[in-house]
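As you go down the protein sequences, you meet chains A and B in turn. All letters in the first sequence, in the order written, are residues 47 to 207 by my numbering. All letters in the second sequence, in the order written, are residues 86 to 466 by my numbering.
There could be a bad hint or two in this list.
As the list claims (entries may be wrong) - Derived pair list, reagent style DSS-like, types lysine-lysine, alpha-carbon separation capped at 30 Å: (1) B:K218 / B:K339; (2) B:K342 / B:K208; (3) A:K205 / B:K178; (4) B:K342 / A:K63; (5) A:K63 / B:K105; (6) A:K63 / B:K339; (7) B:K108 / B:K232; (8) B:K363 / B:K89; (9) B:K105 / B:K160; (10) B:K218 / A:K63; (11) B:K202 / B:K342; (12) B:K105 / B:K265.
Calculated directly from the structure, the hints in this document are not laboratory data.
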Amino acid sequence: MTTLTSQVDEIQELAEKAVREVFQTMLSMEVSSHPPLPLPPDPEGEIVSSVGFIGQVTGAIYLYSRVSFARLLTSRMLGITEQEVESGEMINDALGELSNMVVGSVKSQLCDRGQTCTLTIPSIVRGQQLSVEKPSNVTTRVTAFSHGNHHLLAEIFVKEL
Amino acid sequence: MSVKILTVDDSKTIRLIVAKAFKPYDCTVLEGDNGVVGLAVAGREKPDLILLDYTMPVMDGFEVLARLRSDPDLKSTPVIMLTAEAGRDTVVKIAKLGVRDYLIKPFKEELLIERVKRVVNLKLKSAGVDRPKRFDDPIHLLVFDDKPAIVELIRSGLADTPWKVTSATQTAEALEACNKGGIDVVLASLSLPNDAAYAFFQNLRGYANMATLPIFGMSVRTATAEQARAQQAGFSGIITKPIDPNELKSKVSKGLKLETSYKYFQARSGALILTLPKDVNASVINEVSAHLNDQLTAAVDSGNDKLVLDLSLIEKATLPMIELVLSATEMCSALSLKSALVGTSALKADCRSYEETNAWVFASTVEEAMKLEPALAEAAA
Chain A
47 MTTLTSQVDE
57 IQELAEKAVR
67 EVFQTMLSME
77 VSSHPPLPLP
87 PDPEGEIVSS
97 VGFIGQVTGA
107 IYLYSRVSFA
117 RLLTSRMLGI
127 TEQEVESGEM
137 INDALGELSN
147 MVVGSVKSQL
157 CDRGQTCTLT
167 IPSIVRGQQL
177 SVEKPSNVTT
187 RVTAFSHGNH
197 HLLAEIFVKE
207 L
Chain B
86 MSVKILTVDD
96 SKTIRLIVAK
106 AFKPYDCTVL
116 EGDNGVVGLA
126 VAGREKPDLI
136 LLDYTMPVMD
146 GFEVLARLRS
156 DPDLKSTPVI
166 MLTAEAGRDT
176 VVKIAKLGVR
186 DYLIKPFKEE
196 LLIERVKRVV
206 NLKLKSAGVD
216 RPKRFDDPIH
226 LLVFDDKPAI
236 VELIRSGLAD
246 TPWKVTSATQ
256 TAEALEACNK
266 GGIDVVLASL
276 SLPNDAAYAF
286 FQNLRGYANM
296 ATLPIFGMSV
306 RTATAEQARA
316 QQAGFSGIIT
326 KPIDPNELKS
336 KVSKGLKLET
346 SYKYFQARSG
356 ALILTLPKDV
366 NASVINEVSA
376 HLNDQLTAAV
386 DSGNDKLVLD
396 LSLIEKATLP
406 MIELVLSATE
416 MCSALSLKSA
426 LVGTSALKAD
436 CRSYEETNAW
446 VFASTVEEAM
456 KLEPALAEAA
466 A
């Protein structure tokens, strides 16, 4: 169990670094990390993007944000205005790609440390007050990121092997 | 012809980012949303470069690459792999499959452009409408030298032109300036420590879009071995120190094939006017001689019947000037063009002292020369 705990801590640290790097490189945005707070309600709802990793270390990283923030992220990523973000599909794809970059970066670091794994295809869920049910053999960590009034939660699931 | 770039990625976001990045360039961006579609587009369109995602459903980047390499028509198509997975094993696996380069996501748009420029000759759309550059265009020189005095000398020597001089003292700085774009010609000091000029030269030639950027080596006149080495390495030419601004202008003009004829030739009311400057130096002789035949032929072709040689800025006859005038008048005779001279009384008097020029007849102004009767014009010749 100690091994799993330190492994989750390690992945949390890698994920925090990856989120900051992806936001800075792809969106020219600085984010600060802090202990988790619940996402404020958004009439447009919430969006959760996730990518899993399977192998010597198995788990997933879920990125939660409000749809309004997801629209801003999409516009920054594509270099267009928020009004030009035409569809939900555009937002879904952009958030999926952001997750892919974050988890891809974590996976590369894990592989270089001998913990080989492969990635799953990104998946997206939308709704109100979303939460992911935690299975019994899973250890989780949550980190919150802020950019002004906008928030993003990164929830890390690592399965006990 | 426009460059064709194929982006194969299951993420529409990445395909949009790629398309947007290349929008300012004269290129066509083709898309494939998975490996199978990507291969089909590649087979049909024969792109100049493929940007290939690594993790994709249906067929991943590795399989696409393996199939490309076994297709006789596509096996040599350069591929840049885009991957969110930068682990050592992945990178080694990618390298073994023979990709030209790889780019790790997240990436900056500028980095993508820079990597692509190493493989294909990307030109900005506005640069596509090619007008020959003229000597009076704002030519941008990069001087790569660690001696500020040389940079200042060049800057002051070019002060009578609209040319712009930027300097760099380090190889990385010089490469960055070239990569940014807008540099027309580079002057690199061959005496920089650690063969920096040669390293810079080799590095720059690695970029497809800078393969033809003229790079001159700067060297002291007596360092002949250094100059021979640079010539052998492929430098566009040598500028010797101390730098003669006229020689520099002439060599840069030649290296960039700058249009200079407008400096000397002008068509007016049925005549071609050739105006020589006060100092008819070797550069002037070279430039005028390079254009003379074409200008005279074009003049005849357009119905002009006379060449007026305006020497009114020249105070004293010199051998090169005399030879140039004789050569021009001989060409006129061969083309059945009349010719007339314009000069000051001082030049007129000077010309009387030479056997080759003592019969020359001068008009006082261009307008007067244009009205000269054929007999007088022939006498002038």
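Taking the hints in turn, this is what the structure says about them:
| no. | hint | result |
| --- | --- | --- |
| 1 | B:K218 / B:K339 | 11 Å, holds |
| 2 | B:K342 / B:K208 | 19 Å, holds |
| 3 | A:K205 / B:K178 | 28 Å, holds |
| 4 | B:K342 / A:K63 | 52 Å, violated |
| 5 | A:K63 / B:K105 | 27 Å, holds |
| 6 | A:K63 / B:K339 | 53 Å, violated |
| 7 | B:K108 / B:K232 | 40 Å, violated |
| 8 | B:K363 / B:K89 | 51 Å, violated |
| 9 | B:K105 / B:K160 | 27 Å, holds |
| 10 | B:K218 / A:K63 | 49 Å, violated |
| 11 | B:K202 / B:K342 | 24 Å, holds |
| 12 | B:K105 / B:K265 | 18 Å, holds |
Hints 4, 6, 7, 8, 10 from the list above are not met by this structure, while the remaining hints are.
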